[in-house]
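Peer 1: As a plain string of letters, each chain reads:
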Amino acid sequence: MKLSGSDIFIECLRKEGVEVIFGYPGGQIMPIFDKMYDAKDIRFVLTRHEQGAAHAADGYARATGKTGVVVATSGPGATNLVTGIANAYMDSIPMVAFTGQVPMALIGTDAFQEADITGITRPITKHNFLVSETSKMADIISQAFYIASTGRPGPVVVDIPKDVSVNTSDFHWPKKQHIPLGYSIPKAAAPEQIQAVAEAIRISHKPYIYAGGGIIISGAENELLRFAERINAPVTTTLMGLGGFPASHPYWVGMPGMHGTYTANMAFTECDLVIAVGARFDDRVTGKLTEFAPNARIIHIDMDPAAIAKNVDVDIPVVGDAKAILTQLLEVVDERKRNGWNEHIETLKRERPVFYEDKKGTLMPQYVVEQIYEATKGEAIITTEVGQNQMWAALYYKFDKPRQFISSGGLGTMGYGFPAAIGAQIGRPDATVFDIAGDGSIQMNIQELATAVQYKVPVKVAIINNRYLGMVRQWQELFFNKRYSGTDIECQPDFVKLAEAYGAHGIRVERPEEVRAAIEKALEIPGPVLLDFRVDREANVWPMVAPGEPIYKMMEGHEL
Amino acid sequence: MKHTISVTVENKFGVLARVSGLFSSRGYNIDSLAVGETNNPLVSRMTIVVHGDDRVLDQVIKQLNKLVDVIEVFDMPDGTYVARELCLVKVKSTTGARSEILEVANVFRAKVIDIGHKALTIQITGTEEKVEAFIKLMEPYGIIELIRTGKVAMAREMNSDS
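Read top to bottom, the protein sequences are chains B and C. According to the numbering used here, the first sequence is numbered sequentially starting from 1. According to the numbering used here, the second sequence is numbered sequentially starting from 1001.
Simulated from the structure, these hints should not be mistaken for laboratory data. Even glycine gets a Cβ: it sits at the ideal position worked out from N, Cα and C. Check each hint, because a few of them may be wrong.
Covered, in the sense of this in silico footprint (three residues per stretch, anywhere, with C-beta under 8 Å from a C-beta of chain C), are these stretches of chain B [said to hold, decoys possible]:
{"hint": "1", "stretch": "21-34"}
{"hint": "2", "stretch": "48-60"}
{"hint": "3", "stretch": "118-128"}
Simulated crosslink set (DSS-like; lysine-lysine; CA at most 30 Å straight-line) [as the list claims (entries may be wrong)]:
{"hint": "4", "chain 1": "C", "residue 1": "Lys1012", "chain 2": "C", "residue 2": "Lys1002"}
{"hint": "5", "chain 1": "B", "residue 1": "Lys176", "chain 2": "C", "residue 2": "Lys1092"}
{"hint": "6", "chain 1": "B", "residue 1": "Lys288", "chain 2": "C", "residue 2": "Lys1062"}
{"hint": "7", "chain 1": "B", "residue 1": "Lys360", "chain 2": "B", "residue 2": "Lys337"}
{"hint": "8", "chain 1": "C", "residue 1": "Lys1062", "chain 2": "B", "residue 2": "Lys187"}
{"hint": "9", "chain 1": "B", "residue 1": "Lys40", "chain 2": "B", "residue 2": "Lys456"}
{"hint": "10", "chain 1": "C", "residue 1": "Lys1062", "chain 2": "C", "residue 2": "Lys1090"}
{"hint": "11", "chain 1": "B", "residue 1": "Lys323", "chain 2": "C", "residue 2": "Lys1062"}
{"hint": "12", "chain 1": "B", "residue 1": "Lys15", "chain 2": "C", "residue 2": "Lys1012"}
{"hint": "13", "chain 1": "B", "residue 1": "Lys2", "chain 2": "B", "residue 2": "Lys15"}
{"hint": "14", "chain 1": "B", "residue 1": "Lys482", "chain 2": "B", "residue 2": "Lys377"}
{"hint": "15", "chain 1": "C", "residue 1": "Lys1002", "chain 2": "B", "residue 2": "Lys310"}
{"hint": "16", "chain 1": "B", "residue 1": "Lys136", "chain 2": "C", "residue 2": "Lys1118"}
{"hint": "17", "chain 1": "B", "residue 1": "Lys456", "chain 2": "B", "residue 2": "Lys398"}
{"hint": "18", "chain 1": "B", "residue 1": "Lys323", "chain 2": "B", "residue 2": "Lys337"}
{"hint": "19", "chain 1": "C", "residue 1": "Lys1062", "chain 2": "B", "residue 2": "Lys66"}
{"hint": "20", "chain 1": "B", "residue 1": "Lys401", "chain 2": "B", "residue 2": "Lys187"}
{"hint": "21", "chain 1": "B", "residue 1": "Lys176", "chain 2": "B", "residue 2": "Lys35"}
{"hint": "22", "chain 1": "B", "residue 1": "Lys377", "chain 2": "B", "residue 2": "Lys175"}
{"hint": "23", "chain 1": "B", "residue 1": "Lys497", "chain 2": "B", "residue 2": "Lys456"}
{"hint": "24", "chain 1": "B", "residue 1": "Lys288", "chain 2": "B", "residue 2": "Lys398"}
{"hint": "25", "chain 1": "B", "residue 1": "Lys2", "chain 2": "C", "residue 2": "Lys1012"}
{"hint": "26", "chain 1": "B", "residue 1": "Lys482", "chain 2": "B", "residue 2": "Lys288"}
{"hint": "27", "chain 1": "B", "residue 1": "Lys175", "chain 2": "C", "residue 2": "Lys1002"}
{"hint": "28", "chain 1": "B", "residue 1": "Lys176", "chain 2": "C", "residue 2": "Lys1062"}
{"hint": "29", "chain 1": "B", "residue 1": "Lys15", "chain 2": "B", "residue 2": "Lys456"}
{"hint": "30", "chain 1": "C", "residue 1": "Lys1136", "chain 2": "B", "residue 2": "Lys310"}
{"hint": "31", "chain 1": "B", "residue 1": "Lys187", "chain 2": "C", "residue 2": "Lys1012"}
{"hint": "32", "chain 1": "B", "residue 1": "Lys553", "chain 2": "B", "residue 2": "Lys359"}
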């Protein structure tokens, strides 16, 4: 029996086990939306902006480990997805984005709402497809999901011209996964490489584990824990790796880099062996490259051969999945005895913790995060926006489990956290989901309040409201002579009234003693709540390494 | 340093843009790029000549390998491959110069493929060096038009007895 392209689309999503689609309709995608109307087994969530839909699909993917799905129309619908796609690409998030397209015959004619979305997204997708014939739809969709979710995951765009979604074809779901000729996924590492790693660890006096988002993607948290305990090495987790190793573990030294802990950065500087697993030596981690880990040999374990030796010279490269490689290592690596290095790092950790100056009677942003941590018993899923709010969330909420911290790491997208929280909550209905936001970022996708209210998504948003674009202001204070160019946003909506206007709850908090009760109240309310924490205007994120400086040159917790 | 990169790809629309995009997004100019179908019509092969910083090129090659449509990438070290290019030169030929030009062409085993009252069009095939030497010799006569395919390269057969 012949099916329309739109029917084939729905059947393919069923075969892929898709439970939720985030999206927004429009002219060229209407035939597909018409079929989605009947597909009651696949939940559709209408956001209020396509960017919100892309971030929600991304948040859903990060919270669940499943592939996020977003659908938008051609032209502006597709271009509005671009930031969300780039965001997923930078953080290796599995996502399939379907876009409508003008009919094949009109492509290239500047037709109404036409945009070359496969051209536009080429550098920000793992792969993309234009479905040129209805008969190719099933094969392309199955490849799209396969490519998005395997190897180093990433977003895949599938562009569907309107006539392709209307025309009919036989429906054949590929019996065996069609794997493109040039696509391969590294499996186990060569035994020589594993032996080389084991030997490097055996002769090391000061080993240091540097774990990134690859741990979470791979689900390697248990193997990482066993590995760290076997070799008795301190562990740092990057922003993307938070929760990949328990923050409550005595070996955890915090996050490294520009806003990393003193211990995490000094450990890089002093260690004689870096064991990088699923991390990519980002410039925000390494600081000045020539002075990064100057005494260390570097082992780099990564799924992506292109990530290895991209930024630093690597002594022992190991290509493969973090979980598989750590499992191989656990078979051969001997226990390493604790030594003075461990005691030294533990002393640093005790004596140089992250701290902030608590101005009496002033509501401090760090205190708000600490209280959210306490009130949620450290078990909430935390999403963040980008800027100071993100760094305070990373530094003051302690993550013990993977998929608990959801943040735009690579692209640094303001406006990410709130729609991502909605997606995460839809994927994990039983979890408490908190978006730790800034007053600047939250206004970038505030329209999604309507989505949260419509679908009764009980996310809590904590706006760390300092009436500034705080991170940029901090840089202006430190490096631009306090010239606050374009960063004062004192003119802002009444967030409590705004929440109420959307049919959500709003709570304003101005004094430290009100914080805990407000959070508890928000947690009791069954729907979405916006908390407006009016915090100290000029609090800074400490520690900090100035851009271009080596990471051991840290400015610590003193307001200038 | 100059690199000659051989890339086999799936013969599909958009592949050339994906490949060239990896160079252009890093500010690299491709010196030459030749592409065509192989004996398998589903597969095309490109020869890309590019020069630049080795670390960046190493990254580009790794990224090429990651492209879903790219089947294989070889950065071919000098001496391990044979390469040829083809060049068409339209050169002014006054009656006096014509025989001289034909003589040079003969030495280079180039072919005259079009002949007019005022110009000759010559096809020359060979290594880059040979083609360049020929072009130099034609310059004094006045080159009207010139086009080069860019080189195509193939790894040498490495036999144990060779």
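Peer 1: Each hint: holds or not?
Peer 2: Evaluation of the provided hints:
{"no.": "1", "hint": "21-34", "result": "violated (count 0)"}
{"no.": "2", "hint": "48-60", "result": "violated (count 0)"}
{"no.": "3", "hint": "118-128", "result": "holds (count 6)"}
{"no.": "4", "hint": "C:Lys1012 x C:Lys1002", "result": "holds, 28 Å"}
{"no.": "5", "hint": "B:Lys176 x C:Lys1092", "result": "violated, 62 Å"}
{"no.": "6", "hint": "B:Lys288 x C:Lys1062", "result": "holds, 24 Å"}
{"no.": "7", "hint": "B:Lys360 x B:Lys337", "result": "violated, 45 Å"}
{"no.": "8", "hint": "C:Lys1062 x B:Lys187", "result": "holds, 18 Å"}
{"no.": "9", "hint": "B:Lys40 x B:Lys456", "result": "holds, 18 Å"}
{"no.": "10", "hint": "C:Lys1062 x C:Lys1090", "result": "violated, 40 Å"}
{"no.": "11", "hint": "B:Lys323 x C:Lys1062", "result": "holds, 23 Å"}
{"no.": "12", "hint": "B:Lys15 x C:Lys1012", "result": "holds, 26 Å"}
{"no.": "13", "hint": "B:Lys2 x B:Lys15", "result": "holds, 18 Å"}
{"no.": "14", "hint": "B:Lys482 x B:Lys377", "result": "violated, 38 Å"}
{"no.": "15", "hint": "C:Lys1002 x B:Lys310", "result": "holds, 20 Å"}
{"no.": "16", "hint": "B:Lys136 x C:Lys1118", "result": "violated, 55 Å"}
{"no.": "17", "hint": "B:Lys456 x B:Lys398", "result": "holds, 28 Å"}
{"no.": "18", "hint": "B:Lys323 x B:Lys337", "result": "holds, 24 Å"}
{"no.": "19", "hint": "C:Lys1062 x B:Lys66", "result": "holds, 27 Å"}
{"no.": "20", "hint": "B:Lys401 x B:Lys187", "result": "holds, 25 Å"}
{"no.": "21", "hint": "B:Lys176 x B:Lys35", "result": "holds, 26 Å"}
{"no.": "22", "hint": "B:Lys377 x B:Lys175", "result": "violated, 47 Å"}
{"no.": "23", "hint": "B:Lys497 x B:Lys456", "result": "holds, 19 Å"}
{"no.": "24", "hint": "B:Lys288 x B:Lys398", "result": "holds, 28 Å"}
{"no.": "25", "hint": "B:Lys2 x C:Lys1012", "result": "holds, 27 Å"}
{"no.": "26", "hint": "B:Lys482 x B:Lys288", "result": "holds, 25 Å"}
{"no.": "27", "hint": "B:Lys175 x C:Lys1002", "result": "violated, 46 Å"}
{"no.": "28", "hint": "B:Lys176 x C:Lys1062", "result": "holds, 28 Å"}
{"no.": "29", "hint": "B:Lys15 x B:Lys456", "result": "holds, 28 Å"}
{"no.": "30", "hint": "C:Lys1136 x B:Lys310", "result": "violated, 41 Å"}
{"no.": "31", "hint": "B:Lys187 x C:Lys1012", "result": "holds, 28 Å"}
{"no.": "32", "hint": "B:Lys553 x B:Lys359", "result": "holds, 26 Å"}
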